[in-house]
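A.B. asks: Build out the structure end to end from the sequences listed, making use of the hints.
Residue numbers are given in my numbering: position 464 of the sequence shown equals residue 464, and the series is strictly consecutive.
Calculated directly from the structure, the hints in this document are not laboratory data.
Just so we're clear, the structure is a prediction, and the values are computed from it rather than from any experiment.
Be careful, since some hints might not be right.
Claimed, not checked - List time: in silico DSBU-like cross-link candidates among lysine-lysine, alpha-carbon distance up to 30 Å:
hint, residue 1, residue 2
1, Lys559, Lys625
2, Lys610, Lys559
3, Lys566, Lys610
4, Lys566, Lys625
5, Lys625, Lys608
6, Lys625, Lys610
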Amino acid sequence: MAFGFWRFIVYFNENLEENCYIYFFKLSAMLKNLGTFVIFLLGIQWATAQNCGPYQGITHLSNITGSCVPTTLAVLGDTNFSSNGGVEIPMFTSFSGTWADGLGYTDAPGPEMLCVSYHTQESWDVQLVLSNATTTAPQSAVMSTILDYVVWDMYDCSATLYPGFNYDRRIALLDFSSYTIPAGVTVVGAIFTLTSDNAVNPDPVGILLIGGNTLLNIGNNGPLCTGDTLELYADHPGTATFNWSGPLGFTSVLEDPIIPNVTTAHAGQYTCIITDSANVDTFYTNVIIHPNPQADFVLPATCENQSGTYSITNATDTITSYLWDFGTTALNDTSNLASPVFTYTNNGTYNINLLITSDEGCTATIDTNVTVHGLPLVNLSNSFACTGAAVTFDPFTIGDGPLSYNWTFPSGSPATSTDSIVSVIFATSGTPLINLILTTSFGCADTFNFPFVVNNGVSPLFGVYPICISRFTFDPIAGVGDSLWVLDWDMGDGTQFNNVDTSIFNYLYQSPGTYNVQMIVTTAIGCIDTISIPVVVEDTISINMPNLLIHSSSVNNNKIDFEVLKPGFNLCIAYTYSIYDRWGTLVFETINDPLNPDVYCSDCFRGKTKSGNDLTAGTYYYILKGNFNILQQGFLTIFD
Numbered sequence: 001m002a003f004g005f006w007r008f009i010v011y012f013n014e015n016l017e018e019n020c021y022i023y024f025f026k027l028s029a030m031l032k033n034l035g036t037f038v039i040f041l042l043g044i045q046w047a048t049a050q051n052c053g054p055y056q057g058i059t060h061l062s063n064i065t066g067s068c069v070p071t072t073l074a075v076l077g078d079t080n081f082s083s084n085g086g087v088e089i090p091m092f093t094s095f096s097g098t099w100a101d102g103l104g105y106t107d108a109p110g111p112e113m114l115c116v117s118y119h120t121q122e123s124w125d126v127q128l129v130l131s132n133a134t135t136t137a138p139q140s141a142v143m144s145t146i147l148d149y150v151v152w153d154m155y156d157c158s159a160t161l162y163p164g165f166n167y168d169r170r171i172a173l174l175d176f177s178s179y180t181i182p183a184g185v186t187v188v189g190a191i192f193t194l195t196s197d198n199a200v201n202p203d204p205v206g207i208l209l210i211g212g213n214t215l216l217n218i219g220n221n222g223p224l225c226t227g228d229t230l231e232l233y234a235d236h237p238g239t240a241t242f243n244w245s246g247p248l249g250f251t252s253v254l255e256d257p258i259i260p261n262v263t264t265a266h267a268g269q270y271t272c273i274i275t276d277s278a279n280v281d282t283f284y285t286n287v288i289i290h291p292n293p294q295a296d297f298v299l300p301a302t303c304e305n306q307s308g309t310y311s312i313t314n315a316t317d318t319i320t321s322y323l324w325d326f327g328t329t330a331l332n333d334t335s336n337l338a339s340p341v342f343t344y345t346n347n348g349t350y351n352i353n354l355l356i357t358s359d360e361g362c363t364a365t366i367d368t369n370v371t372v373h374g375l376p377l378v379n380l381s382n383s384f385a386c387t388g389a390a391v392t393f394d395p396f397t398i399g400d401g402p403l404s405y406n407w408t409f410p411s412g413s414p415a416t417s418t419d420s421i422v423s424v425i426f427a428t429s430g431t432p433l434i435n436l437i438l439t440t441s442f443g444c445a446d447t448f449n450f451p452f453v454v455n456n457g458v459s460p461l462f463g464v465y466p467i468c469i470s471r472f473t474f475d476p477i478a479g480v481g482d483s484l485w486v487l488d489w490d491m492g493d494g495t496q497f498n499n500v501d502t503s504i505f506n507y508l509y510q511s512p513g514t515y516n517v518q519m520i521v522t523t524a525i526g527c528i529d530t531i532s533i534p535v536v537v538e539d540t541i542s543i544n545m546p547n548l549l550i551h552s553s554s555v556n557n558n559k560i561d562f563e564v565l566k567p568g569f570n571l572c573i574a575y576t577y578s579i580y581d582r583w584g585t586l587v588f589e590t591i592n593d594p595l596n597p598d599v600y601c602s603d604c605f606r607g608k609t610k611s612g613n614d615l616t617a618g619t620y621y622y623i624l625k626g627n628f629n630i631l632q633q634g635f636l637t638i639f640d
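C.D. replies: This is the structure:
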């Protein structure tokens with residue numbers, strides 16, 4: 001069998017640069033007629049200036065242009081072959097290794113062949129390592145020149161071309177035909193023992209393992225399905241020519257021709273005339289190609305969050321397996337049932353993809369778009385009513401097309417309605433549950449229940465919590481359903497807040513005194529009530545000031561943080577804090593605005609000037625002045 005051109009990787013030291021490179025080269029007809037199973041391991045190096053380090057050994061075969069069984073492909077790219085740890089090995093010592101765990105060459109009919117290649121003139125004893133922990137008897141490999149001073153175009157791993165590179169090669173062929181590999185045993189590696197060498201340092205070894213010849217025959221990879229690739233093959237042990245013919249005018253002179261994307265028209269008998277040095281023989285192989293199945297979808301009327309059954313009809317073959325994909329991002333949107341039940345949780349257009357397999361093993365993917373109609377949505381602003389006062393229910397709705405309404409108002413008048421907008425009077429207080437069923441024009445329906453409160457009065461309340469001397473937190477506790485109420489505030493100092501929500505808020509008074517704070521509540525349907533609470537603001541405040549600061553402190557004694565000295569102080573007081581040296585020169589000053597307070601000590605005194613320079617150790621004088629009669633002063637000593 002002619003293998004054509006192969007591509008290998010070679011490890012060697014370039015003589016001038018004394019560095020390690022990886023090169024690719026092409027090796028042609030020298031390895032013809034060696035069989036069908038190929039594994040290539042190569043570790044060739046120049047005999048001088050060898051700085052590559054320990055040889056790790058790798059398989060390097062790719063781009064085979066001939067018949068290659070799956071077992072061969074399974075081991076390509078293996079990197080689990082290693083030496084005794086050195087680039088060079090001493091005379092009469094062994095170099096050995098195995099391929100990746102679980103990968104081995106299964107014996108084929110005929111003898112095993114071994115091709116060993118080196119750069120220098122060497123002789124080796126070679127043994128095959130078997131999966132049953134035994135080895136074959138050693139065979140002697142005496143190197144002979146097969147390529148001498150040839151020129152190749154070589155490429156490194158980044159595809160950089162090195163044209164016209166000089167190279168020589170020696171090779172030996174070994175026949176292991178005297179040893180039959182037992183059934184169930186595979187070749188998993190090799191052992192090489194160096195017996196002679198014409199260089200000072202012998203080189204690592206490469207190996208090409210080739211299976212024996214098979215019987216003369218032709219065949220194909222069928223039965224196939226429409227769209228598959230037809231692979232025709234002829235098993236011939238030596239040099240021959242091939243003349244193929246078949247349906248649709250097919251002809252080929254390749255040994256193993258390939259026809260991609262076949263149809264049923266490619267089915268039938270294929271003929272191959274094989275001519276070698278001894279005979280001209282005609283062989284036949286029959287190709288079977290099955291059509292892929294077809295079918296139509298049966299889709300339910302689809303609404304979001306409502307289950308539906310999906311199926312197919314008019315199938316052209318007996319369907320033996322199904323794989324549905326309903327086109328969502330959910331993890332459970334697939335099924336292998338013939339008629340699965342599925343629920344779309346969101347409206348929209350989805351692509352349903354179905355992979356079906358016939359009893360002949362052929363598959364087809366069919367798909368369709370399904371429109372999932374949305375359920376109606378509603379928002380009802382009403383949640384409170386006053387007894388005896390009419391309240392209008394005018395919901396905000398979203399739906400596909402016109403909507404139909406079905407209202408229920410417990411203890412209300414009217415008690416039911418099919419109108420979109422309804423005016424209802426509740427005679428007694430309580431908590432009726434308003435019910436509304438909405439239905440779209442596509443029949444998608446949903447039921448909504450709205451908690452409702454009918455009050456005789458509002459009964460508002462709010463809490464007052466002091467943050468510090470002049471800042472307070474006001475927390476309106478309006479009652480059930482208060483998120484729909486509107487509040488008006490009178491803070492007692494002339495400030496008013498109108499039409500605000502029920503959120504908690506803080507307020508800062510600018511002067512001491514007693515303020516009568518009033519909250520007026522207006523419900524969504526006009527129920528109004530008021531509550532007033534007095535708030536007392538004291539006229540003075542004191543703070544315990546520190547008299548020392550330590551630059552090197554790791555426990556926060558390196559700063560004057562008013563929020564630590566008196567929590568909430570910066571939130572309430574407008575003050576100026578000044579530092580003077582012993583000559584009366586102002587060296588630092590910070591001003592706090594309670595409406596924009598320095599609560600994180602961003603601008604507090606840290607023993608530095610305003611420009612950030614450290615003040616020298618010593619005694620300084622501080623003055624703290626602010627509203628609410630704050631005036632404190634004294635000495636502050638700074639330590640390093």
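A.B. asks: All hints are to be evaluated individually against the structure, with a verdict given for each.
C.D. replies: Okay, the hints, checked on the actual structure:
no.	hint	result
1	Lys559 <-> Lys625	holds, 19 Å
2	Lys610 <-> Lys559	holds, 13 Å
3	Lys566 <-> Lys610	holds, 23 Å
4	Lys566 <-> Lys625	holds, 15 Å
5	Lys625 <-> Lys608	holds, 20 Å
6	Lys625 <-> Lys610	holds, 18 Å
Violation of the numbered hints given earlier is absent; every hint is satisfied by the structure.
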